[in-house]
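2 protein chains.
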Amino acid sequence: MRPFITLISLLLYQCFALSSDSHASNRAKILHDEELLALGGNITLTEQETKVNNCLMQYKLNEINFAFNNPEYFNFTYHFFKYKTNIHTSKVYKIIKDLPKGAALHLHDVAILGPDYLMNITYMNHLYVCFAKDKVQLKFSDQLPTDPCSGHWQLMSEARRLSRNVTNFDAQLRQHFTLVVNDPAKVYPCIKNTWEAFMNYFITVGSMLTYRPVWEQYFYDTLKAFREQNIMYVEVRSTLPKLYELDGTTYDPFITAKAYKKSINKFMKDYPDFTGAKLIYAPIRDTDKKSVTKYLELALRIKAEMPDVFAGFDLVGQEDKGKPLIEFADQLTAAADNLTYFFHAGETDWYGTSTDENLVDAILLGAKRLGHAYALPKHPLLIKEVLKRDIGLEVNVISNTVLSLVQDVRNHPLALFLAQGLPVVLSSDDPGAWEADLISEDFYVAFVGVASKSSDLRLLKQLALNSLKYSALEGDTKKTALKKFNSEWNDFINRFECSAY
Amino acid sequence: MRPFITLISLLLYQCFALSSDSHASNRAKILHDEELLALGGNITLTEQETKVNNCLMQYKLNEINFAFNNPEYFNFTYHFFKYKTNIHTSKVYKIIKDLPKGAALHLHDVAILGPDYLMNITYMNHLYVCFAKDKVQLKFSDQLPTDPCSGHWQLMSEARRLSRNVTNFDAQLRQHFTLVVNDPAKVYPCIKNTWEAFMNYFITVGSMLTYRPVWEQYFYDTLKAFREQNIMYVEVRSTLPKLYELDGTTYDPFITAKAYKKSINKFMKDYPDFTGAKLIYAPIRDTDKKSVTKYLELALRIKAEMPDVFAGFDLVGQEDKGKPLIEFADQLTAAADNLTYFFHAGETDWYGTSTDENLVDAILLGAKRLGHAYALPKHPLLIKEVLKRDIGLEVNVISNTVLSLVQDVRNHPLALFLAQGLPVVLSSDDPGAWEADLISEDFYVAFVGVASKSSDLRLLKQLALNSLKYSALEGDTKKTALKKFNSEWNDFINRFECSAY
Ligand SMILES: [Zn+2]
Ligand SMILES: [Zn+2]
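Note that the protein sequences, when read in sequence, are chains Y and W.
Residue numbers for the first sequence follow the UniProt record's numbering, so the first one is 1 and each next one is one higher.
Residue numbers for the second sequence follow the UniProt record's numbering, so the first one is 1 and each next one is one higher.
Bound conformation, chain Y alone:
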């Protein structure tokens, strides 16, 4: 029996070795297939790009490995307001900032430039202020405003002078231009509180920014700031609020669209290397059918008269508060052949509600991109539609965490979008309102906080490419933009020095 047993042992041993080998090879195959499927997985890096990637990944792995072993120091466990200044010490962040990032496609106009920029405006002449209980109203005027206000109107310069402590005065005023607070858990225990503060922000800031000359300058400066962060093209959403003059003249919203065209033209003249900007008309969703008819008429008029500036249509406001798209489905269906849609949809934690179902309607209405699509993973069939119809997903990670959808961004659905290789574009929604830089912090949080530890430069490149691919740019303009991007990208790669970070 001896030899026979030995033979069996040998066979068993080989079996063992085989199956253990096969474990290793099956494992490697799955991980490799996952990598190929993930966003950016199809990109092959050049030799020079590989050098940059090695540098980038060395810094990224340093950050992640340290935090994996010392989770108490991991930024993303905490509220964004607790770690936002830490981001700036990161070498990964610094590289991302310098990286050409393509286009920024999901932004709301009056919440892009932060409170420091807004504070400068409060030093301009002719600005009046009314301090009401917990709120601040602002207005440029050549005489005392008569707008209803529960306090009394006075010149800002006068109020500031009378305060006797300009530092305190400005610090308190600045608080109305930002959601950032020291103790977010206490101030924003629930989404209701966050959105209330957010809406107040829009009212306060809007009243100051809609002074026509300020409005035009603000958007010019917005484009300038994006260009400085290596963004080459911007699509901005606007409710097209009525602009006004010092003498009280107010214009209809069409003039606001014209002001955009004016700012964009001026900027392109000064910075011809920039690709440009377009407008998504995005009025308030909490309205009725009659207003939506007017909205759509205005959209078509802007499209007809300024086709180069107009990108498409959307509806905005806290989505859970309505109205859901289904309320206007008839009208939106009727206009779908003539308008490109970029609907906010599924910016919610509420599974199976009307907000959640906006995803179905947005997709069926033929949206070219979806704003947020936060709830999409709860709809596997819609994920298939997104792939089939090649719909861009505008993801704004910092926005979703600040606006109370998710705390630790490692639970953000972007991780699943990236894993499945869905057509993601990263944007920043309202960076000014939470004092984020224009877009690099969003890329950083997505890259280090959300994406796989092993996601690398290929992901960043694909995100930049997607932002142009899914933009409203078309034909030759799009081709030129992609060419320009590739040239900027290669410049960056070729002059990259790891030791500079």
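To be clear, the hints were calculated from the coordinates, so they are not data collected in a lab.
Hints are supplied without guarantee of correctness; some may be wrong.
Identical copies carry no separate label here, and so any pair may be met within one copy or between two of them.
Taking lysine to aspartate or glutamate and the EDC-like style, the derived pairs with C-alpha atoms no more than 20 Å apart in a straight line are [to be verified]: (1) K192 <-> E63; (2) K384 <-> E34; (3) K289 <-> D21; (4) K82 <-> D183; (5) K453 <-> D320; (6) K269 <-> E216; (7) K261 <-> E216; (8) K29 <-> E327; (9) K82 <-> E72; (10) K321 <-> E63.
Starting from the known structure of chain Y, arrange chain W with the ligands on it as the hints suggest.
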């Protein structure tokens, strides 16, 4: 031209009406297909079940619709410790408690019965206590223990008497038997703090429960408590700690397995309507290959000598701290033909790390079920494998939120598992450690907090059926269990009265 224009208008109108109709029907189709795909979607309710469902859904929709409009009152926005007592006022919870729920398959033995049960044990004779800094050691003994301790050993009865304030003394002692605190955000700012407290819980409680007579009684009482919550079968994970006697005798872990058999047999004799319980041997993962060899030998010995009690093998401990399965892949592969695996895998927020990759290894090692699989949605290819291999997913929602993986459970991956119809079984992991009831609170949180607003009785029935389908029960025993479940289910349905809730 008039008639012609009218004709065009008419055609346009019909086009409009058509496409708007087609929107409605496409929308309905997608929502219907989603419903079919989701877990429970294939079940057709009987007339009587439909009546129960109508009652259940009326209560569920009341809760959700109110919270959707008043999110500040929505439990799941906050930490579990803040709303756990609220749950008990819910009619949905009360119905779920009474519902036959099948089996509980993911539980760790010494963390099932809560602090009130444990406090009773501290009133038993021969219990010694040593209060060290911030920690408590406990031991049953017929003489003063000599176990190392930085304080001094005394009889618990003596310590209690000397405290002069038994209420205070007991309240302080009880705090060592629970993770529940008033201000979880302060006490557990990060996963490190939660797991430190959790590990201390195990040390403190373990030293008291491993007194052999207490151990046997504890598991008997565990089964009794599950039976009272309409659970008919239990699979319990144990590290098989060494049991001891008053005279200091300690036994080897095999005896601990025998103690399980003894408790189960006694319980089945007293409650023959119960289906039974099995043991998953789940020793500590933070170890070396040599120990794993010993683990596997012990597992095979228990299987050989107590095949009716032994279900399979797992490794436990904070997964991020290691060791990952890959370290023991050779040994586990070699034993895979003879052992059923129920591996904890992917209980982590860390995408692309060794913990995350445990999912790959657990699946390739042929696991029959995965413990948590929290990170699974980040691995679309593994989701396909889970479906292909029909691997049960043991989801423990409350555990994941208490142990710092996710705050608002609406972001829990269970929502995606349900949407995709993955083979989920619900369990409760360590309910005693966070003072949850044995399993009904987990069902409630999953049903109201995580699942779609429209998920109904079909989901609850499917979850119960899955818990038997993916259990370690086999052959006729499994058939009998399913039969018994169906009979209990029908009894519940037939005697259900909405007004009773
Ligand atoms: Zn937005
Ligand atoms: Zn567990």
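Verification of the hints:
| no. | hint | result |
| --- | --- | --- |
| 1 | K192 <-> E63 | between (34 Å within a copy, 17 Å between copies) |
| 2 | K384 <-> E34 | both (18 Å within a copy, 12 Å between copies) |
| 3 | K289 <-> D21 | between (65 Å within a copy, 18 Å between copies) |
| 4 | K82 <-> D183 | both (8 Å within a copy, 19 Å between copies) |
| 5 | K453 <-> D320 | between (33 Å within a copy, 14 Å between copies) |
| 6 | K269 <-> E216 | within (15 Å within a copy, 84 Å between copies) |
| 7 | K261 <-> E216 | within (9 Å within a copy, 80 Å between copies) |
| 8 | K29 <-> E327 | between (48 Å within a copy, 18 Å between copies) |
| 9 | K82 <-> E72 | within (13 Å within a copy, 23 Å between copies) |
| 10 | K321 <-> E63 | between (39 Å within a copy, 17 Å between copies) |
Taken one by one, the earlier hints all hold for this structure without exception.
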